[in-house]
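Residue numbers (full-length UniProt numbering), protein chains in the order written: chain B, 1 to 216; chain D, 1 to 216; chain Z, 1 to 216; chain L, 1 to 216.
Since the hints were made in silico from the structure, they are not lab data. One thing to keep in mind: the hints can contain errors.
Claimed, not checked - A few chain D residues facing chain B, derived, Cβ under 7 Å: (1) A36; (2) T38; (3) A120; (4) Q133; (5) V162; (6) T164; (7) M174; (8) S182; (9) F196.
Just so it is clear, CB atoms sit at the ideal spot from N, CA and C, and this is done for glycine as well.
Number of protein chains: 4
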Amino acid sequence: MHPLDDIKPRWERRKDARPQELLAAALDLFVERGFASTRLEDVAKRAGVSKGTLYLYFTNKEELFKAVVRDNIVPVIGAAEEIIAGFDGHSADLLRKVIIEWWQMMGESEASGISKLIMAEAGNFPDIACFYQDEVITRGTNMIASMLNRAVARGEFRPMDVTTVTQVLIAPMMMLMTWKHSVGPCEKSQLDPIAFLDAFLDMALHGLLLPPAPPA
Amino acid sequence: MHPLDDIKPRWERRKDARPQELLAAALDLFVERGFASTRLEDVAKRAGVSKGTLYLYFTNKEELFKAVVRDNIVPVIGAAEEIIAGFDGHSADLLRKVIIEWWQMMGESEASGISKLIMAEAGNFPDIACFYQDEVITRGTNMIASMLNRAVARGEFRPMDVTTVTQVLIAPMMMLMTWKHSVGPCEKSQLDPIAFLDAFLDMALHGLLLPPAPPA
Amino acid sequence: MHPLDDIKPRWERRKDARPQELLAAALDLFVERGFASTRLEDVAKRAGVSKGTLYLYFTNKEELFKAVVRDNIVPVIGAAEEIIAGFDGHSADLLRKVIIEWWQMMGESEASGISKLIMAEAGNFPDIACFYQDEVITRGTNMIASMLNRAVARGEFRPMDVTTVTQVLIAPMMMLMTWKHSVGPCEKSQLDPIAFLDAFLDMALHGLLLPPAPPA
Amino acid sequence: MHPLDDIKPRWERRKDARPQELLAAALDLFVERGFASTRLEDVAKRAGVSKGTLYLYFTNKEELFKAVVRDNIVPVIGAAEEIIAGFDGHSADLLRKVIIEWWQMMGESEASGISKLIMAEAGNFPDIACFYQDEVITRGTNMIASMLNRAVARGEFRPMDVTTVTQVLIAPMMMLMTWKHSVGPCEKSQLDPIAFLDAFLDMALHGLLLPPAPPA
DNA sequence: TATGAATGAGCTTTCATTCAT
DNA sequence: GATGAATGAAAGCTCATTCAT
Numbered sequence: 001m002h003p004l005d006d007i008k009p010r011w012e013r014r015k016d017a018r019p020q021e022l023l024a025a026a027l028d029l030f031v032e033r034g035f036a037s038t039r040l041e042d043v044a045k046r047a048g049v050s051k052g053t054l055y056l057y058f059t060n061k062e063e064l065f066k067a068v069v070r071d072n073i074v075p076v077i078g079a080a081e082e083i084i085a086g087f088d089g090h091s092a093d094l095l096r097k098v099i100i101e102w103w104q105m106m107g108e109s110e111a112s113g114i115s116k117l118i119m120a121e122a123g124n125f126p127d128i129a130c131f132y133q134d135e136v137i138t139r140g141t142n143m144i145a146s147m148l149n150r151a152v153a154r155g156e157f158r159p160m161d162v163t164t165v166t167q168v169l170i171a172p173m174m175m176l177m178t179w180k181h182s183v184g185p186c187e188k189s190q191l192d193p194i195a196f197l198d199a200f201l202d203m204a205l206h207g208l209l210l211p212p213a214p215p216a
Numbered sequence: 001m002h003p004l005d006d007i008k009p010r011w012e013r014r015k016d017a018r019p020q021e022l023l024a025a026a027l028d029l030f031v032e033r034g035f036a037s038t039r040l041e042d043v044a045k046r047a048g049v050s051k052g053t054l055y056l057y058f059t060n061k062e063e064l065f066k067a068v069v070r071d072n073i074v075p076v077i078g079a080a081e082e083i084i085a086g087f088d089g090h091s092a093d094l095l096r097k098v099i100i101e102w103w104q105m106m107g108e109s110e111a112s113g114i115s116k117l118i119m120a121e122a123g124n125f126p127d128i129a130c131f132y133q134d135e136v137i138t139r140g141t142n143m144i145a146s147m148l149n150r151a152v153a154r155g156e157f158r159p160m161d162v163t164t165v166t167q168v169l170i171a172p173m174m175m176l177m178t179w180k181h182s183v184g185p186c187e188k189s190q191l192d193p194i195a196f197l198d199a200f201l202d203m204a205l206h207g208l209l210l211p212p213a214p215p216a
Numbered sequence: 001m002h003p004l005d006d007i008k009p010r011w012e013r014r015k016d017a018r019p020q021e022l023l024a025a026a027l028d029l030f031v032e033r034g035f036a037s038t039r040l041e042d043v044a045k046r047a048g049v050s051k052g053t054l055y056l057y058f059t060n061k062e063e064l065f066k067a068v069v070r071d072n073i074v075p076v077i078g079a080a081e082e083i084i085a086g087f088d089g090h091s092a093d094l095l096r097k098v099i100i101e102w103w104q105m106m107g108e109s110e111a112s113g114i115s116k117l118i119m120a121e122a123g124n125f126p127d128i129a130c131f132y133q134d135e136v137i138t139r140g141t142n143m144i145a146s147m148l149n150r151a152v153a154r155g156e157f158r159p160m161d162v163t164t165v166t167q168v169l170i171a172p173m174m175m176l177m178t179w180k181h182s183v184g185p186c187e188k189s190q191l192d193p194i195a196f197l198d199a200f201l202d203m204a205l206h207g208l209l210l211p212p213a214p215p216a
Numbered sequence: 001m002h003p004l005d006d007i008k009p010r011w012e013r014r015k016d017a018r019p020q021e022l023l024a025a026a027l028d029l030f031v032e033r034g035f036a037s038t039r040l041e042d043v044a045k046r047a048g049v050s051k052g053t054l055y056l057y058f059t060n061k062e063e064l065f066k067a068v069v070r071d072n073i074v075p076v077i078g079a080a081e082e083i084i085a086g087f088d089g090h091s092a093d094l095l096r097k098v099i100i101e102w103w104q105m106m107g108e109s110e111a112s113g114i115s116k117l118i119m120a121e122a123g124n125f126p127d128i129a130c131f132y133q134d135e136v137i138t139r140g141t142n143m144i145a146s147m148l149n150r151a152v153a154r155g156e157f158r159p160m161d162v163t164t165v166t167q168v169l170i171a172p173m174m175m176l177m178t179w180k181h182s183v184g185p186c187e188k189s190q191l192d193p194i195a196f197l198d199a200f201l202d203m204a205l206h207g208l209l210l211p212p213a214p215p216a
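Using the sequences provided together with the hints, build the complete structure.
Encoded structure:
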């Protein structure tokens with residue numbers, strides 16, 4: 001296709017872009033202030049539109065919130081799943097890679113705010129919490145579990161209760177996200193995420209790795 | 001002091017009790033609905049007083065919230081510290097005991113709601129978040145760190161970077177509290193806290209324990 | 001009871017009076033502007049209170065509207081029924097009296113606005129319309145019908161289809177109320193209610209009266 | 001003019017049709033929901049055009065409303081007047097015919113909704129009310145009055161106060177229209193328009209007819 | 001002409017806070 | 001101290017109206 005074929009009048013391009021601009025603005029404010037304290041007028045203003053425009057794209061505040069969650073969760077999950085699919089080395093390296101890259105993608109971006117958001121607002125939006133459970137926790141859990149099964153099958157990790165170990169491996173990631181958006185900003189709070197994850201991985205691998213067969 | 005000196009007419013004792021009744025009611029509702037969605041009228045009603053009375057004891061909603069947090073954090077910390085002080089066995093047993101009992105006291109009681117509350121509202125109350133950091137996280141961290149130092153000193157755990165390992169040991173506890181008050185109530189969410197903690201402790205101790213010195 | 005026993009502090013008396021003050025204000029404005037065009041702030045202002053106060057007594061605009069209707073309909077019906085109960089003369093005089101007094105009580109007061117209100121808003125409040133049908137139309141119809149039955153029983157009116165004649169007798173009353181609140185205020189509109197009712201009654205009685213028995 | 005001169009390309013003919021389609025849609029919705037509750041977007045949608053198009057033909061909502069009223073009133077009046085002009089029998093039959101046919105044309109069609117509309121919204125549109133008074137009530141009144149004068153002149157009805165009797169004859173028609181669009185739809189509401197009009201006419205003619213001259 | 005995205009004034013409703021009693 | 005009626009700012013949401021295309 002000729003590159004110019006895609007050019008649309010500025011005005012119409014905006015129409016297509018609007019929902020994304022609004023979702024981006026809403027993500028920022030929801031993460032920063034929480035659901036209740038975010039005023040829709042501020043979301044609109046940050047997106048450069050008026051209050052009424054927001055309602056052309058989202059039925060109400062709750063639907064906007066849900067859209068923000070959905071819009072930011074799906075890509076994160078997909079990305080993480082791809083990392084695993086294409087890996088072909090030792091499972092210990094894979095685990096390290098997945099967890100460290102997860103933090104770089106999710107934790108260091110604003111996406112981590114989504115998780116914190118869900119933790120915080122779950123009580124007021126049970127369906128969102130369950131949606132998150134299904135779409136993120138379950139898929140993420142399956143992803144980690146598949147790594148562990150692979151490792152055991154390849155004789156790289158000891159046999160184990162995969163389900164529970166999976167939950168154990170997820171814990172530090174949840175902690176990092178929660179920490180980042182709560183006490184993290186406090187002066188006295190001192191936590192180096194990468195060092196923390198390294199230490200955790202060292203400890204975990206120590207317990208998971210099958211010791212090399214002793215020389216005969 | 002003569003025991004009867006402490007006796008006051010009932011209505012005066014009630015005066016002292018009022019704030020506690022209000023704090024208890026507020027704790028329940030804040031945990032259940034979050035800060036913004038909790039109406040002071042409901043707090044007052046649950047405490048059996050009128051809305052106006054609430055303002056005799058707390059300047060405004062924000063101060064009530066802070067009082068709730070402070071009131072519920074202090075005892076939790078103290079209780080955890082006492083567990084350690086009086087223990088005299090192997091450090092591995094101590095670690096197990098502290099973590100399991102912590103969950104039974106904190107996690108299974110409403111006190112865990114306080115932590116969730118702080119995570120959720122930290123953005124709106126930075127000073128509360130820092131207060132929590134100072135009074136809970138730091139003290140809790142010191143507590144765990146002292147256990148680790150004791151263990152290393154007694155030749156029970158390997159030498160280690162105590163600060164980071166401490167943070168690693170805290171992670172599953174934070175995860176449990178967050179989980180309990182967010183996706184925990186979802187149908188599909190399946191997590192047995194005790195089994196989870198056991199698995200974590202197994203893995204951790206595996207990495208921490210100094211292998212017994214080989215016979216010469 | 002001693003007359004002074006009833007005296008309450010001004011402030012508390014107001015509390016009891018509030019709903020009535022609000023209903024009166026709402027009646028005025030609803031009749032004048034219709035349901036949708038009436039702003040609750042104006043209702044409150046006319047009652048001398050703030051917007052919020054209104055919500056202490058009525059759940060929302062719709063409930064206020066329903067309360068206005070109920071509050072103004074019941075007494076009207078009762079009053080009309082009493083007129084009949086205590087009458088003891090010729091049925092023709094009773095019919096005249098009931099209809100003329102009805103206009104003086106209902107039509108010339110603001111209560112007639114209620115009927116107009118219901119006609120106007122019936123589409124938006126089907127339950128109100130039915131409530132009106134049950135409480136006013138049906139009761140009013142029964143009232144008129146009982147007069148006609150009495151008249152026939154006493155040999156004063158000819159035998160007739162009471163149900164339909166009743167509806168015929170109601171028509172001019174409905175017309176007057178509708179007229180008063182619609183085209184009545186126009187310059188060119190010329191209708192003298194009493195003359196109109198007189199003419200109608202003359203015509204009706206002409207058709208209803210049993211001619212005196214011819215001398216044998 | 002040559003018959004083909006009138007042929008226009010379809011799109012241009014549509015241009016003329018637009019206002020009619022819009023007026024028809026607006027009539028439906030105004031009658032169904034009242035002025036305030038009718039959204040212009042719905043009117044446009046029902047007419048199959050966009051919201052903006054509506055504003056090409058009508059300055060604003062109020063003007064659309066007025067156009068709807070005017071557009072639907074004129075033909076009604078004209079039709080009723082024609083009935084009389086061409087009649088040549090007894091005045092009693094004429095009166096019956098006019099009133100019954102009026103209900104069949106006006107009452108049973110959507111046109112009756114216009115009258116109800118005016119009754120309901122008169123307060124917000126005094127000029128509409130007066131327009132209705134002038135164009136409908138006055139003309140209708142004159143029409144009925146002319147029938148009565150004809151009847152008296154022909155010695156068919158007694159001499160009477162034509163003005164007031166006219167108003168009396170109009171009452172049941174107003175009642176029927178009001179009833180149809182307010183409490184009519186209620187379950188309990190039972191009114192057979194034709195039976196009602198028949199009963200009214202019987203009663204009225206009883207009072208109006210000149211008794212046949214006694215045989216000499 | 002026709003469109004429909006965008007606007008923003010305006011309204012209902014909520015609730016933290018005040019204060020006369 | 002205790003009450004609860006009253007307040008009014010604030011926020012969500014609607015919809016008549018405009019205007020660039």
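Practice task
Could you check the structure against the hints above and give me the numbers of any it violates, in ascending order?
Solution key: 2, 5
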